[in-house]
Amino acid sequence: MPKKILLADDEEDIKTVLKLFLENKGYEVITAFDGLDALDQVKREKPDLVLLDIMMPLVDGFEVCKKIKTDPETAEIPVIMLSAASHAEMVQKGIDLGAVDYLVKPFEPEQLEGLLHKVLD
Amino acid sequence: MPHAKSAQNTPSPRNAGLGEKQYLELFEQLSRLVDTEDRRQIGIRASDLIAELLDVEACSIMLLDASGAHLQLIAATHIPSSEWEKIRQPIDQGAGGTVLRTGKTEWIRNRKEFMAHFGRESTQQYGTPSCVIAPLRIKGECAGVVNVTNPRDGRAFLERDVELIEAAARLIGSALSTALQHEETIRIKKNLEDIFNSLHVGIIQVSRDGHVAQINQRARELFGLQLVKDAESLELDEVVPLTVYNTCLRLVNRVRERRDACNEKLLLTLNGKPTTLEVKVNPMEALGLLPDANVILFEDIGQEEEVQRLREAERMKHNFLAMISHELRTPLAVIKGSVPLINPGPQQDREIPPKVLGQVHQLLSSNCGRLNDVINTILDFTEIENGTIQLNFRPVNLHELLERILAQHQDKAHAKRLAYEREWDESLPEIQADERRLASVFSELVLNAVKFSNPDQAVRIVTRRDGPWVDIEISNVGPPIDPAMQKSIFKKFFQCEHTMTRKAGGCGLGLFLVYNMARLHGGTVRLLRSEQTETTFQVRLPIERFAGRVSA
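Line by line, the protein sequences are chains L and Z. Oh and the first sequence: position 22 is 22 in my numbering, straight run, nothing missing. Oh and the second sequence: position 115 is 236 in my numbering, straight run, nothing missing.
Pulled out of the complex, with its shape left as it was, chain L reads as follows (with noise of 0.2 Å):
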């Protein structure tokens, strides 16, 4: 059975570049396009790992975050955060949430692909 990840990002581009890029090392990916869709995606789906944009229309990411890790039917869902803002203090935000880890945009895609390894194997 492939891990199931979803992806929530609001930027189209973003969606399609890593869904092509996980898809291709073996992941299933599934989307989602505001916090709202993420939140429902997750209760319904119960992805093995969330990766979250934190931007986002409707619900930011670091209140999905936070409403993912104090449901207990999502709290052990692992999350990583993605995000073009890079200030120290909202990398701890996101970690002082639950994020497992916090990768900043434009990243390395072998830097994600290392992460998942880290984290699901």
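Certain hints may be false.
What the hints assert, rightly or not - Straight-line alpha carbon distances no greater than 25 Å define the calculated SDA-like cross-link-like pairs of lysine to any residue that follow:
hint : chain 1 : residue 1 : chain 2 : residue 2
1    : Z       : 457       : L       : 24
2    : Z       : 457       : L       : 1
3    : L       : 15        : Z       : 226
4    : L       : 19        : Z       : 440
5    : L       : 15        : Z       : 479
6    : L       : 15        : Z       : 531
7    : L       : 25        : Z       : 472
8    : L       : 43        : L       : 57
9    : L       : 69        : L       : 24
10   : Z       : 350       : Z       : 314
11   : Z       : 572       : L       : 59
12   : Z       : 608       : Z       : 507
13   : L       : 93        : Z       : 440
14   : Z       : 476       : L       : 24
15   : L       : 19        : Z       : 466
16   : Z       : 311       : Z       : 155
17   : Z       : 401       : Z       : 373
18   : Z       : 260       : Z       : 204
19   : L       : 4         : L       : 88
20   : Z       : 613       : L       : 57
21   : L       : 19        : Z       : 491
Hint data in this document are derived by calculation from the structure and do not stem from the laboratory. Predicted, not measured: the structure shown is a model, and the values here were computed from it.
Once you have looked at the hints, place chain Z on chain L.
Then chain Z, alone, in the frame of chain L:
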């Protein structure tokens, strides 16, 4: 004592006065006193010289004191110097007082004359009858006396002795004038320094080579330099923080161009506390100083309002940079992410499916375009801010341009299942416009319409000719713009609050540029209405090239 020496060297013939040689030497020596800056030293040297070279028993010099009511002894050959300070005489008494008041030399040849002049016995220590009291003039005013008493050979002073003493007094007077002038200069300088240092405004004078020529106490406090002794030998950038230094340079250059005072306010942390500093540079020519030297003024303006305004500007700048970096990083992330997808592998043997190639091609081309757009936005913004923007007017087919833009945003519209509704006025001729800039205007408006549209709705674009004008309206159905914010949407760096979720205008320049580009074309842009049912922006452009000038 000098007396013994002169007695040996110049045995004067009785009743014949002194020889030419002594006179010449006296004048030569007294002339040298002009370079002496200390009044006291002049008095001591002059009285010694006169006593020695005229071979008299005593010579003393008195000067008017600061009150002008007394003559104060400043030097005497026959009184120990420790006593001098105590000896003062009211100007309405004694021979000195008389000389001072009349400005005429008193010449007394014997005891009888003394009695006749003063109505009493001489109080001179030596008790001998012959003395000459000559007036000392400083800058033409009678300001003291030189008192020469008793030639050692026992004779009385002769007329030529009197002339000689008067001439010596004139020399002493001019030496004292110079010394006083020097003291006055020092006093004025000290006064100016006190004023300079007590001002609430920090002042740094910079020489043409960038060195700090003068720095006052307030500037030392502002920049934490109290303990730096020789701040004057430093360069300006060693004395003030980098942001202040850059501001100073900018202002100095601006002053050079405009020949007018320039100032700028900046918010920074000085001595550990947030400070609003006003930096001001004055053109030196106006102050009659060197054109290449600059006086820079620094004022800590604590006004709360100003601080607020600057904080707000600072916050906007910060947001702007954060958003710009987001706008640059997102397409870059897509481009970076695309690279491994078309990597043929180390042996060049990896098959890349044509579908993937097609997708990657599309991703690369649209994201390179997006990067280019962000860079154009920044450049246009800078040019508008600097007032250097130049439009490239060409005939533009508006409908073709709009179709191109609608196609660019087709994917995003499609994702929300939005339809485009076009209402074209087919009679519309080509208009004179800068095609790239106009494209950015409509692209921004269409993109906003798509972004803020509710799903499953229509984005409507209407063109309409109105005499020499063409109106373009772009509407969407979605949450209306907060009425409180409607006024500010065309301002630079405007962002709907909570940028984390709204992600409204990219870098907060979109509508600011739309507004300015429309104006530069001689047109307008306005929010026609924003209600629950519909939000509509209207752009009005002249069909012919706009001939006037519009300041941005």
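Evaluated hints:
1. With a C-alpha separation of about 16 Å, the suggested pairing of residue 457(Z) with residue 24(L) holds against the 25 Å cut-off.
2. Between the alpha carbons of residue 457(Z) and residue 1(L) the distance comes to roughly 29 Å, so the proposed pair goes past 25 Å and is violated.
3. At roughly 111 Å between alpha-carbon atoms, residue 15(L) and residue 226(Z) are farther apart than 25 Å, so this suggested pair is violated.
4. Between the alpha carbons of residue 19(L) and residue 440(Z) the distance comes to roughly 30 Å, so the proposed pair goes past 25 Å and is violated.
5. As the CA atoms of residue 15(L) and residue 479(Z) are separated by approximately 16 Å, the hinted pair is consistent with the 25 Å bound.
6. At roughly 17 Å between alpha-carbon atoms, residue 15(L) and residue 531(Z) fall within 25 Å of each other, so this suggested pair holds.
7. For the hint linking residue 25(L) to residue 472(Z), the alpha-carbon distance of about 15 Å falls within 25 Å, and the restraint holds.
8. Distance hint between residue 43(L) and residue 57(L) is fulfilled; the C-alpha atoms sit about 19 Å from each other, no more than 25 Å.
9. Of the pairs offered as hints, the one joining residue 69(L) and residue 24(L) is violated, with about 29 Å between alpha carbons and a cut-off of 25 Å exceeded.
10. Restraint check for residue 350(Z) and residue 314(Z): the C-alpha separation of about 16 Å stays at or below 25 Å, so the hint holds.
11. Restraint check for residue 572(Z) and residue 59(L): satisfied, since their Cα atoms lie roughly 15 Å apart, inside the 25 Å limit.
12. Among the hinted pairs, residue 608(Z) with residue 507(Z) is consistent with the structure: their alpha-carbon atoms are about 24 Å apart, no more than 25 Å.
13. A distance of roughly 18 Å separates the Cα atoms of residue 93(L) and residue 440(Z); the hinted pair therefore holds under the 25 Å criterion.
14. The straight-line distance between the Cα atoms of residue 476(Z) and residue 24(L) is roughly 13 Å, inside the 25 Å bound, and the hint therefore holds.
15. Restraint check for residue 19(L) and residue 466(Z): satisfied, since their Cα atoms lie roughly 19 Å apart, inside the 25 Å limit.
16. Restraint check for residue 311(Z) and residue 155(Z): the C-alpha separation of about 23 Å stays at or below 25 Å, so the hint holds.
17. Proposed proximity of residue 401(Z) and residue 373(Z) is supported: the alpha carbons are some 9 Å apart, at most 25 Å.
18. Between residue 260(Z) and residue 204(Z), the direct Cα distance comes to roughly 28 Å. Violation of the 25 Å bound is thereby established for this hinted pair.
19. Taking the CA atoms of residue 4(L) and residue 88(L), the gap is near 30 Å; set against the 25 Å cutoff, the hint is violated.
20. With a CA separation close to 22 Å, the supplied pair residue 613(Z) and residue 57(L) stays within the 25 Å bound.
21. The straight-line distance between the Cα atoms of residue 19(L) and residue 491(Z) is roughly 20 Å, inside the 25 Å bound, and the hint therefore holds.
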